[in-house]
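2 protein chains.
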Amino acid sequence: MKVVRIDDLRGTDQEVISPAGWTSVRFLLKKDGMGFSFHETTFPPGLEFDMWYKNHVEAVYCYQGKGLLTNRETGEEFVIEPGTLYALDQHDRHTLKAETELKLVCAFNPPVTGREIHDEDGAYIIAPEDQE
Amino acid sequence: MKVVRIDDLRGTDQEVISPAGWTSVRFLLKKDGMGFSFHETTFPPGLEFDMWYKNHVEAVYCYQGKGLLTNRETGEEFVIEPGTLYALDQHDRHTLKAETELKLVCAFNPPVTGREIHDEDGAYIIAPEDQE
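Same order as they appear, the protein sequences are chains A and B. Under our numbering, the residues of the first sequence are numbered 1 to 132, in order. Under our numbering, the residues of the second sequence are numbered 1 to 132, in order.
The hints are simulated quantities; they were obtained by calculation from the structure and are not laboratory data. Even for Gly, the Cβ is constructed at its ideal location relative to N, Cα and C. It cannot be assumed that every hint is accurate.
Calculated pairs, DMTMM-like style, for lysine to aspartate or glutamate (alpha carbon to alpha carbon, straight line, at most 25 Å) [said to hold, decoys possible]:
hint: 1; chain 1: B; residue 1: K103; chain 2: B; residue 2: D89
hint: 2; chain 1: B; residue 1: K30; chain 2: B; residue 2: E15
hint: 3; chain 1: A; residue 1: K66; chain 2: A; residue 2: D32
hint: 4; chain 1: B; residue 1: K103; chain 2: A; residue 2: D7
hint: 5; chain 1: B; residue 1: K103; chain 2: A; residue 2: E99
hint: 6; chain 1: B; residue 1: K31; chain 2: B; residue 2: E48
hint: 7; chain 1: A; residue 1: K31; chain 2: A; residue 2: E48
hint: 8; chain 1: A; residue 1: K30; chain 2: B; residue 2: E48
hint: 9; chain 1: A; residue 1: K97; chain 2: A; residue 2: E73
hint: 10; chain 1: B; residue 1: K66; chain 2: B; residue 2: E76
hint: 11; chain 1: B; residue 1: K2; chain 2: A; residue 2: D7
hint: 12; chain 1: A; residue 1: K66; chain 2: B; residue 2: D7
hint: 13; chain 1: A; residue 1: K2; chain 2: B; residue 2: D8
hint: 14; chain 1: A; residue 1: K54; chain 2: A; residue 2: D8
hint: 15; chain 1: B; residue 1: K2; chain 2: A; residue 2: D89
hint: 16; chain 1: A; residue 1: K2; chain 2: B; residue 2: D7
hint: 17; chain 1: B; residue 1: K30; chain 2: B; residue 2: D13
hint: 18; chain 1: B; residue 1: K31; chain 2: A; residue 2: E101
hint: 19; chain 1: A; residue 1: K2; chain 2: B; residue 2: D13
hint: 20; chain 1: A; residue 1: K103; chain 2: B; residue 2: E81
hint: 21; chain 1: A; residue 1: K103; chain 2: B; residue 2: E15
Here's a subset of chain A near chain B, in silico, CB distances under 10 Å, partners left out [unchecked claim]:
hint: 22; residue: V16
hint: 23; residue: I17
hint: 24; residue: P19
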């Protein structure tokens, strides 16, 4: 059993603060051996950010705030509010815009190692050692 | 992309209301092909419940409420409050007690099919078709 508290991750390499404005705290990474990674991400009010996870599927659950999700593959828009989950099961290009501060709980498969970077598409690049 | 809203799952077979008092809403199951299942579980104030997932690992993130987690393998106790995650990475026997209403976001690997039952140990039994 592991117990991890968000305050213990602040200021460590498991808290990623993006120049764009979002913050992602990674509670569980590949090294934890769960088969998924588990993060909490905060979007500040007004932030609009394009993402495209070419190498991962991701589930995102909103428990606080209000926003708008756009599927850039289809143009569909979805209101995001507490109790809404979205699953990026098709490596969908998407844009998330926060109307108020969004608190999002996220799981990634394959698990994020913590060493990925966002490339110009907003995708996580698989760490070299994880590539086939 | 799939978007799932908690209100759309209420009253369906993806909302499991335990006679013990907890409620688990399953947003993503094995059929969704994410490699994990993704649930929100609510523990009412005062509920104390023993669990032992012999066949799964689970991550649990608390975003609301206060409780106490006991590792029944070691006797250790942990305060559960918003911003606390616990990972059952060793199939740990554990007890969760809610002091106030707990709201928990959970991911299971292997993904829950939705047809598991809790046996007398509090374990999920793997659905027959998933057994080796």
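Task: Numbers of unmet hints, in rising order - done: 3, 6, 7, 8, 11, 13, 14, 16, 18, 19, 22, 23 and 24
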